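Novice: Sequence:
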Amino acid sequence: MDLELPESAQIVRDGVAAVAARYDHAYWTRCEEEHRFPQEAWDDLADGGWFGLNIPEEYGGGGQGLLELTVANEALTASGGVAGTFFYVTTPGFGATTIVRHGTEEQKQEVLPALAEGKAQFCLALTEPDAGSNTIEITTSARRDGDDFLIKGQKVWISNVERADWMVAVTRTIPAAEAKPRVAGFTLFLIDVKEALAAGTLSYTPIPKMGSNILHSSQVFFDDVRVPAHRVIGEVDAGFAVLWDVLNPERILASGGAVGTAQAALDIAVSYAKERVVFGKPIGANQGIQFPLAQIKAKLEATRLMAYKAAWLYDQGKPCGDEANIAKLLGAQVAWEAADQAFQTLGGMAYSKEYPIERIFRDARIGKNIPVSEQLVLAHIGSQQLGLPKSY
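Residues in the sequence shown are numbered consecutively from 1, following UniProt numbering.
Rather than coming from a laboratory, the hints here were simulated on the basis of the structure. Treat the numbers as computed from the prediction; the structure is a model and nothing was measured. A few of these clues could be false.
[Claimed, not checked] Keeping only pairs whose Cα atoms sit at most 20 Å apart, straight-line, the calculated EDC-like set for lysine to aspartate or glutamate is:
| hint | residue 1 | residue 2 |
| --- | --- | --- |
| 1 | Lys-299 | Glu-275 |
| 2 | Lys-180 | Glu-137 |
| 3 | Lys-309 | Glu-4 |
| 4 | Lys-297 | Asp-322 |
| 5 | Lys-119 | Glu-162 |
| 6 | Lys-152 | Glu-105 |
| 7 | Lys-297 | Glu-4 |
| 8 | Lys-108 | Glu-178 |
Construct all of the structure, not just a fragment, from the sequences and the given hints.
Specialist: See below:
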């Protein structure tokens with residue numbers, strides 16, 4: 001890639017890539033098949049301080065921004081740790097980014113040093129069974145009880161709750177039907193997961209799924225989880241703006257991970273196309289193989305630029321919602337197209353577990369649905385950027 005990144009981002013890219021190179025495709029495939037958290041890779045990244053990149057230095061972090069974090073995620077996934085993108089989305093993304101931007105000093109002192117050392121993990125509890133992408137309609141409630149709040153409700157597809165020390169929980173302190181405007185009445189909380197599990201007020205059930213099994217995705221149940229008022233993130237009833245400031249980085253980080261996924265799939269396909277000889281020549285000499293891979297390369301480079309632009313805008317404190325959505329859309333598309341074309345390039349061997357394409361193929365597909373569906377991103381672009389009538 002010829003783009004001249006800031007020196008800080010180049011150092012991050014090279015540093016994370018050096019760590020990731022110790023863990024080959026076979027390692028990530030074993031973790032996936034065993035439904036096992038890649039503890040060794042996590043510990044190595046933590047020892048290098050790569051989870052504290054976007055945490056200020058006074059809390060033990062690297063004092064960098066979302067651009068460096070996006071580059072780190074890309075480097076990890078490009079090495080083959082495709083599902084490892086959850087490392088950066090859940091803990092530095094949901095955790096550090098949220099608390100650095102919106103946490104109180106007490107919350108920062110309590111959470112950030114451990115995150116910077118890789119000794120604490122995070123999850124985000126947002127999606128609900130009956131609301132899905134229609135966040136306005138969530139029903140998980142938080143009600144006052146003296147100096148505390150009691151949270152009651154249910155979430156679904158919550159990643160990493162089984163390992164999380166902390167959770168950012170999105171609730172309604174004013175029901176949707178009573179909120180004026182409708183985005184009013186949201187409140188975000190910082191929940192001590194281990195404490196709530198021990199109290200028996202928080203529970204979860206893992207959801208069997210087709211891929212990305214290095215982390216569980218779970219249904220989560222809140223049965224009057226008690227949270228002190230000092231663990232409100234932002235302001236009571238005014239959490240919707242905070243939420244968007246959580247979701248934009250999530251989409252940007254997901255885009256960076258998708259670029260890395262596309263790169264991993266493309267590298268495998270190109271290597272195979274050079275080595276596989278049929279009818280007396282490498283199959284990569286055939287335009288039917290070569291041109292689709294060239295298309296992937298072109299789309300990958302364009303998507304990388306959009307991901308970096310969105311991250312840069314976020315770091316500058318500028319509006320980045322449009323760019324974050326476009327980066328997420330393009331990232332999901334190119335990751336899926338790259339995995340699909342790599343599958344086609346390898347032919348029947350792609351179906352074999354001898355090659356990692358079957359794993360990348362499964363992991364890449366979910367990006368078109370999460371963290372926001374392709375259709376909703378297109379609806380956003382159509383209505384918010386093109387000025388077309390809303391379809392929902």
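Novice: Evaluate each hint against the coordinates.
Specialist: Hints and how they fare:
| no. | hint | result |
| --- | --- | --- |
| 1 | Lys-299 <-> Glu-275 | violated (24 Å) |
| 2 | Lys-180 <-> Glu-137 | holds (13 Å) |
| 3 | Lys-309 <-> Glu-4 | holds (13 Å) |
| 4 | Lys-297 <-> Asp-322 | violated (24 Å) |
| 5 | Lys-119 <-> Glu-162 | holds (15 Å) |
| 6 | Lys-152 <-> Glu-105 | violated (27 Å) |
| 7 | Lys-297 <-> Glu-4 | holds (18 Å) |
| 8 | Lys-108 <-> Glu-178 | violated (33 Å) |
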